[in-house]
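Those protein sequences? They're chains A and B, same order as listed. Residue 31 in the UniProt record's numbering sits at position 31 of the first sequence, and the numbers go up by one each step. Residue 21 in the UniProt record's numbering sits at position 21 of the second sequence, and the numbers go up by one each step.
In case anyone wonders, no lab produced these hints; they're calculated from the structure. The reader is advised that the hints may include incorrect statements.
Claimed, not checked - Straight-line Cα separation of at most 30 Å, DSS-like style, residue types lysine-lysine; simulated pairs:
id, chain 1, residue 1, chain 2, residue 2
1, B, Lys22, A, Lys138
2, A, Lys127, B, Lys61
3, B, Lys82, A, Lys78
4, A, Lys78, B, Lys61
5, A, Lys64, A, Lys138
6, A, Lys78, B, Lys129
7, A, Lys138, B, Lys8
8, A, Lys64, B, Lys71
9, B, Lys129, A, Lys64
10, B, Lys71, B, Lys8
11, B, Lys8, A, Lys6
12, A, Lys141, B, Lys8
13, A, Lys144, B, Lys22
As the list claims (entries may be wrong) - Derived contacts from chain A toward chain B, CB cut-off under 7 Å, selection only:
id, residue
14, Leu51
15, Phe52
16, Arg69
Note that the Cβ used here is the ideal one computed from N, Cα and C, for glycine as well.
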Amino acid sequence: MSEKPKLHYFNGRGRMESIRWLLAAAGVEFEEEFLESREQYEMLLQDGALLFQQVPMVEIDGMKMVQTRAILSYIAGKYNLYEKDLKERAWIDMYVEGVRDLMDLIRVHHKLSPQEQQKNLALIGEKAATRYFPVYEKILKDHKDDFLVGNQLTWADVQLIEAILTVEEKVPTILSEFPLLQAFKARVSSIATIKKFLQPGSQRKLPTDEKAVAFTNRIFNRR
Amino acid sequence: MVEIDGMKMVQTRAILSYIAGKHNLYGKDLKERALIDMYVGGTDDLMGFIMRFPFLSAEDKEKECAHIIQKATSRYFPAYEKVLKDHGQAFLVGNRLSWADVHLLEAILMVEEKSSDVLSEFPRLQAFKANISSIPAIKKFLEPGSQRKPVPDDKYVETVRKVLWMY
Numbered sequence: 001m002s003e004k005p006k007l008h009y010f011n012g013r014g015r016m017e018s019i020r021w022l023l024a025a026a027g028v029e030f031e032e033e034f035l036e037s038r039e040q041y042e043m044l045l046q047d048g049a050l051l052f053q054q055v056p057m058v059e060i061d062g063m064k065m066v067q068t069r070a071i072l073s074y075i076a077g078k079y080n081l082y083e084k085d086l087k088e089r090a091w092i093d094m095y096v097e098g099v100r101d102l103m104d105l106i107r108v109h110h111k112l113s114p115q116e117q118q119k120n121l122a123l124i125g126e127k128a129a130t131r132y133f134p135v136y137e138k139i140l141k142d143h144k145d146d147f148l149v150g151n152q153l154t155w156a157d158v159q160l161i162e163a164i165l166t167v168e169e170k171v172p173t174i175l176s177e178f179p180l181l182q183a184f185k186a187r188v189s190s191i192a193t194i195k196k197f198l199q200p201g202s203q204r205k206l207p208t209d210e211k212a213v214a215f216t217n218r219i220f221n222r223r
Numbered sequence: 001m002v003e004i005d006g007m008k009m010v011q012t013r014a015i016l017s018y019i020a021g022k023h024n025l026y027g028k029d030l031k032e033r034a035l036i037d038m039y040v041g042g043t044d045d046l047m048g049f050i051m052r053f054p055f056l057s058a059e060d061k062e063k064e065c066a067h068i069i070q071k072a073t074s075r076y077f078p079a080y081e082k083v084l085k086d087h088g089q090a091f092l093v094g095n096r097l098s099w100a101d102v103h104l105l106e107a108i109l110m111v112e113e114k115s116s117d118v119l120s121e122f123p124r125l126q127a128f129k130a131n132i133s134s135i136p137a138i139k140k141f142l143e144p145g146s147q148r149k150p151v152p153d154d155k156y157v158e159t160v161r162k163v164l165w166m167y
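In isolation and in its complexed conformation, chain A is listed as follows (with noise of 0.2 Å):
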């Protein structure tokens, strides 16, 4: 018998939905449990079901799967979007850390103050046009294939759209200098799951705003 995988997160984007992605890309059905008091989150913790007592957590193949990059390369690797091959994976593998580091910029923007915002918003279009997008258009222009590696979809791939539709949601104008890479969101926007996943009543998650984090603080007895 073969189960959905099921995640538990808030019901938001946080670190959970590179995760939403992925499966949603590979074709892959899931459920998902929101967390949605602190006495849900203790329950969890009071099962064992958090390793480390954090989400996001997956049940997945009979595992109790914690702490987010080992999920999706689990995925990655279960529903061939990896490289058999170490040294592609290698690639995919920086490829991805590349642009999870641009993504934890976007992340933990609503839980600045407006005006630390400011100054992120700032740093976020800096670091897309000058250190992360330059790299991967680069990578497309460099062997004119139509994905970043092996001329297949794979992990860095949905990684890499994620993170272009997410920035472009705070800097619109971000891939203006980036001709490959609007040809690159055309083309993978374009992909039957992935196309699918961007129609209105997905699971994608919305854009985190300050309810949310406040929230999130409330279950986690931040102040």
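Got chain A sorted already, so can you dock chain B onto it with the hints?
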């Protein structure tokens, strides 16, 4: 950045994954990899606090030191102690040495540099530490004269700041 096998690799995680994969320290299948990745994620989070520590102000350092020890003894070490207890084996995954064991030993030693009795409530981690430390390649690395680096000092911090314009 590590030049290896004709690549100029960046991103610590990617480099570690590659080395582990290449040298048989990454388990035998996808599920063992998953466990290794999870365990390494934990020790990585713990060592992250320690890595940032030298760059804090003197005032923040005191608070952070207590925080590191608290996290180590209430979140991370109990998790690894339980893993070892549950399967009763000498190594974290697959009954043989993996990246997860190396990473955990490194984390233990680093936290001990902050507080030498931090393993006092964790008998299996004490045994683990002794066991992994005695593996010849690791034993050698722990001896003076190896390429292992000492605890970061002010000179190290200053150099990093200077080179990376990190002020």
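These are the hints, each one checked on the structure:
{"no.": "1", "hint": "Lys22(B) x Lys138(A)", "verdict": "holds (27 Å)"}
{"no.": "2", "hint": "Lys127(A) x Lys61(B)", "verdict": "holds (29 Å)"}
{"no.": "3", "hint": "Lys82(B) x Lys78(A)", "verdict": "holds (27 Å)"}
{"no.": "4", "hint": "Lys78(A) x Lys61(B)", "verdict": "violated (42 Å)"}
{"no.": "5", "hint": "Lys64(A) x Lys138(A)", "verdict": "violated (38 Å)"}
{"no.": "6", "hint": "Lys78(A) x Lys129(B)", "verdict": "violated (33 Å)"}
{"no.": "7", "hint": "Lys138(A) x Lys8(B)", "verdict": "holds (16 Å)"}
{"no.": "8", "hint": "Lys64(A) x Lys71(B)", "verdict": "holds (21 Å)"}
{"no.": "9", "hint": "Lys129(B) x Lys64(A)", "verdict": "holds (26 Å)"}
{"no.": "10", "hint": "Lys71(B) x Lys8(B)", "verdict": "violated (35 Å)"}
{"no.": "11", "hint": "Lys8(B) x Lys6(A)", "verdict": "violated (38 Å)"}
{"no.": "12", "hint": "Lys141(A) x Lys8(B)", "verdict": "holds (19 Å)"}
{"no.": "13", "hint": "Lys144(A) x Lys22(B)", "verdict": "holds (29 Å)"}
{"no.": "14", "hint": "Leu51", "verdict": "holds (5 Å)"}
{"no.": "15", "hint": "Phe52", "verdict": "holds (5 Å)"}
{"no.": "16", "hint": "Arg69", "verdict": "holds (6 Å)"}
Hint compliance for this structure: hints 4, 5, 6, 10, 11 are broken, all remaining hints hold.
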